[in-house]
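4 protein chains.
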Amino acid sequence: MYKDMAGFLENDRFAAYVGIKLLKVEPGYAVAQIEINDHHLNGVNIVQGGVLFTLADFAFAAASNSKGSVTLGVNANISFFKSPKGKLLTAEAREISSYKKLCGYSVDIFDEDRDLIARFSGTGYIKREKLEFDGEK
Amino acid sequence: MYKDMAGFLENDRFAAYVGIKLLKVEPGYAVAQIEINDHHLNGVNIVQGGVLFTLADFAFAAASNSKGSVTLGVNANISFFKSPKGKLLTAEAREISSYKKLCGYSVDIFDEDRDLIARFSGTGYIKREKLEFDGEK
Amino acid sequence: MYKDMAGFLENDRFAAYVGIKLLKVEPGYAVAQIEINDHHLNGVNIVQGGVLFTLADFAFAAASNSKGSVTLGVNANISFFKSPKGKLLTAEAREISSYKKLCGYSVDIFDEDRDLIARFSGTGYIKREKLEFDGEK
Amino acid sequence: MYKDMAGFLENDRFAAYVGIKLLKVEPGYAVAQIEINDHHLNGVNIVQGGVLFTLADFAFAAASNSKGSVTLGVNANISFFKSPKGKLLTAEAREISSYKKLCGYSVDIFDEDRDLIARFSGTGYIKREKLEFDGEK
Numbered sequence: 003m004y005k006d007m008a009g010f011l012e013n014d015r016f017a018a019y020v021g022i023k024l025l026k027v028e029p030g031y032a033v034a035q036i037e038i039n040d041h042h043l044n045g046v047n048i049v050q051g052g053v054l055f056t057l058a059d060f061a062f063a064a065a066s067n068s069k070g071s072v073t074l075g076v077n078a079n080i081s082f083f084k085s086p087k088g089k090l091l092t093a094e095a096r097e098i099s100s101y102k103k104l105c106g107y108s109v110d111i112f113d114e115d116r117d118l119i120a121r122f123s124g125t126g127y128i129k130r131e132k133l134e135f136d137g138e139k
Numbered sequence: 003m004y005k006d007m008a009g010f011l012e013n014d015r016f017a018a019y020v021g022i023k024l025l026k027v028e029p030g031y032a033v034a035q036i037e038i039n040d041h042h043l044n045g046v047n048i049v050q051g052g053v054l055f056t057l058a059d060f061a062f063a064a065a066s067n068s069k070g071s072v073t074l075g076v077n078a079n080i081s082f083f084k085s086p087k088g089k090l091l092t093a094e095a096r097e098i099s100s101y102k103k104l105c106g107y108s109v110d111i112f113d114e115d116r117d118l119i120a121r122f123s124g125t126g127y128i129k130r131e132k133l134e135f136d137g138e139k
Numbered sequence: 003m004y005k006d007m008a009g010f011l012e013n014d015r016f017a018a019y020v021g022i023k024l025l026k027v028e029p030g031y032a033v034a035q036i037e038i039n040d041h042h043l044n045g046v047n048i049v050q051g052g053v054l055f056t057l058a059d060f061a062f063a064a065a066s067n068s069k070g071s072v073t074l075g076v077n078a079n080i081s082f083f084k085s086p087k088g089k090l091l092t093a094e095a096r097e098i099s100s101y102k103k104l105c106g107y108s109v110d111i112f113d114e115d116r117d118l119i120a121r122f123s124g125t126g127y128i129k130r131e132k133l134e135f136d137g138e139k
Numbered sequence: 003m004y005k006d007m008a009g010f011l012e013n014d015r016f017a018a019y020v021g022i023k024l025l026k027v028e029p030g031y032a033v034a035q036i037e038i039n040d041h042h043l044n045g046v047n048i049v050q051g052g053v054l055f056t057l058a059d060f061a062f063a064a065a066s067n068s069k070g071s072v073t074l075g076v077n078a079n080i081s082f083f084k085s086p087k088g089k090l091l092t093a094e095a096r097e098i099s100s101y102k103k104l105c106g107y108s109v110d111i112f113d114e115d116r117d118l119i120a121r122f123s124g125t126g127y128i129k130r131e132k133l134e135f136d137g138e139k
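Residue numbers (my numbering), protein chains in the order written: chain F, 3 to 139; chain S, 3 to 139; chain V, 3 to 139; chain P, 3 to 139.
Treat the hints as calculated values from the structure; they're not laboratory data.
Heads up, a few of these hints could be off.
Identical chains blur together in the list; that is why a pair holds if it fits in one copy or across any two.
[Unchecked claim] With a cut-off of at most 27 Å between alpha-carbon atoms, the simulated DSS-like pairs for lysine-lysine come out as follows:
no.: 1; residue 1: Lys102; residue 2: Lys23
no.: 2; residue 1: Lys102; residue 2: Lys69
no.: 3; residue 1: Lys103; residue 2: Lys129
no.: 4; residue 1: Lys89; residue 2: Lys69
no.: 5; residue 1: Lys102; residue 2: Lys129
no.: 6; residue 1: Lys129; residue 2: Lys84
no.: 7; residue 1: Lys89; residue 2: Lys103
no.: 8; residue 1: Lys84; residue 2: Lys69
no.: 9; residue 1: Lys102; residue 2: Lys84
As the structure is a prediction and not an experimental result, all values here were calculated from the model.
Bound conformation, chain F alone (with noise of 0.2 Å):
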């Protein structure tokens, strides 16, 4: 299973080419990094939201899919709470619930003060087919 996850993630071309590292991953939950940098940051200076948002599915993908099954996202909502402070931010995702082919996961997105900066509330849809990496391109 950890075989499975570790290529999952290594073929995550977005999360590696954005600069998000994964820290931990569990069944149902995980917690991934990204160190900021200049080409973050948008037209007034702040972290771009889709930065955030990256490391937010990000984490819910390692989480919800660490379960076995290909589970892909439907819906995703974002609250922005306040710009981040320091260069490091950490995404922590957490299942909330599941239940049949639907779960609920949450991810709370915290700067290097550790406050809560913004928060990704993620419904996936689970398929059938397992992970299966070997041999896959």
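Guided by the hints, dock chains S, V and P onto chain F, whose structure is given.
Frame of chain F; chains S, V and P shown alone:
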């Protein structure tokens, strides 16, 4: 005004890093586009949700800030309907409400077949500051 | 089919209790209306958010279930733009996507001046069961 | 303060009409409850989404307005995880962020088995006005 917007958009380093282009911008309206490459894919070989979100959020920022005041995204909701076909994704942002300090935008994301693949709803908070880019970092 | 929908809608006891009427229903489309009275107001004398949500959710249910399969709401997002003027509120629900087991609807809520006061986005899960009301409680 | 809140809550005629009770309120925190009856059901005999939304929105209003300033809901997102069991539903609202004029709340809705059946995320806009109820209609 247009000069300021150009500065605003040139300054959005994350959108540029991801490969997003602005095709059109008018007060309350914008169209942005991206050409999908391998580094935009996730672990199951489809476009990462963060790419779609960033594209939509950038179109929302362009449309809302084109009215002359800094507008910050407060909340965003995105529904993913289907996997995109083709290489080119287009996001069209449109103001649906603006009242006192709050505004609402809807952003539709289309694939190359012009199928609606995702819809983003953004809530913005309108700050009193005017956009001034000249001489700013 | 229409007979079933009528049953479905008669059966929605909460919508009836709140005072909602269905003006129009077609597959993937519905219009619902409510006349605001004192018992729809909240503690600061404006229409309670739950009234607007219930109106939109009912229009969403009418539109999505009119396609013949039971559709359950999985996620809904509502943005409130301004306080309504006048007594009559109208919600117009429209399918924006339907693919395999998931569908997306957008519901616009207008006041008597035909100003858009709120927008609801609903994600539905399409069950295999057909709607059958005859003989059911 | 408590007297004002009592007025605020007595004044929420829609919550009262629907049958919602406030069990607990502290600054930034509230618990509300409802006993489900036949008139809370929808066309497929489960609790109407509008009942759950109204319960959560009321708990959010109680918690956010208990801090002394009028707070208006700007956006709300609700995910429905499963059908409730039993008659009694409880919503617990908790502030997760408050910064300048915006606040974020999370509201969990539990059924009688204490299973989480839905989660509501609310974004509020904090007005400068203080809550004053005495002598008001």
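Right, here's what the structure says about each hint:
{"no.": "1", "hint": "Lys102 x Lys23", "result": "neither (30 Å within a copy, 32 Å between copies)"}
{"no.": "2", "hint": "Lys102 x Lys69", "result": "both (13 Å within a copy, 23 Å between copies)"}
{"no.": "3", "hint": "Lys103 x Lys129", "result": "both (7 Å within a copy, 11 Å between copies)"}
{"no.": "4", "hint": "Lys89 x Lys69", "result": "neither (31 Å within a copy, 31 Å between copies)"}
{"no.": "5", "hint": "Lys102 x Lys129", "result": "both (10 Å within a copy, 12 Å between copies)"}
{"no.": "6", "hint": "Lys129 x Lys84", "result": "between (35 Å within a copy, 14 Å between copies)"}
{"no.": "7", "hint": "Lys89 x Lys103", "result": "between (37 Å within a copy, 25 Å between copies)"}
{"no.": "8", "hint": "Lys84 x Lys69", "result": "between (32 Å within a copy, 20 Å between copies)"}
{"no.": "9", "hint": "Lys102 x Lys84", "result": "between (36 Å within a copy, 9 Å between copies)"}
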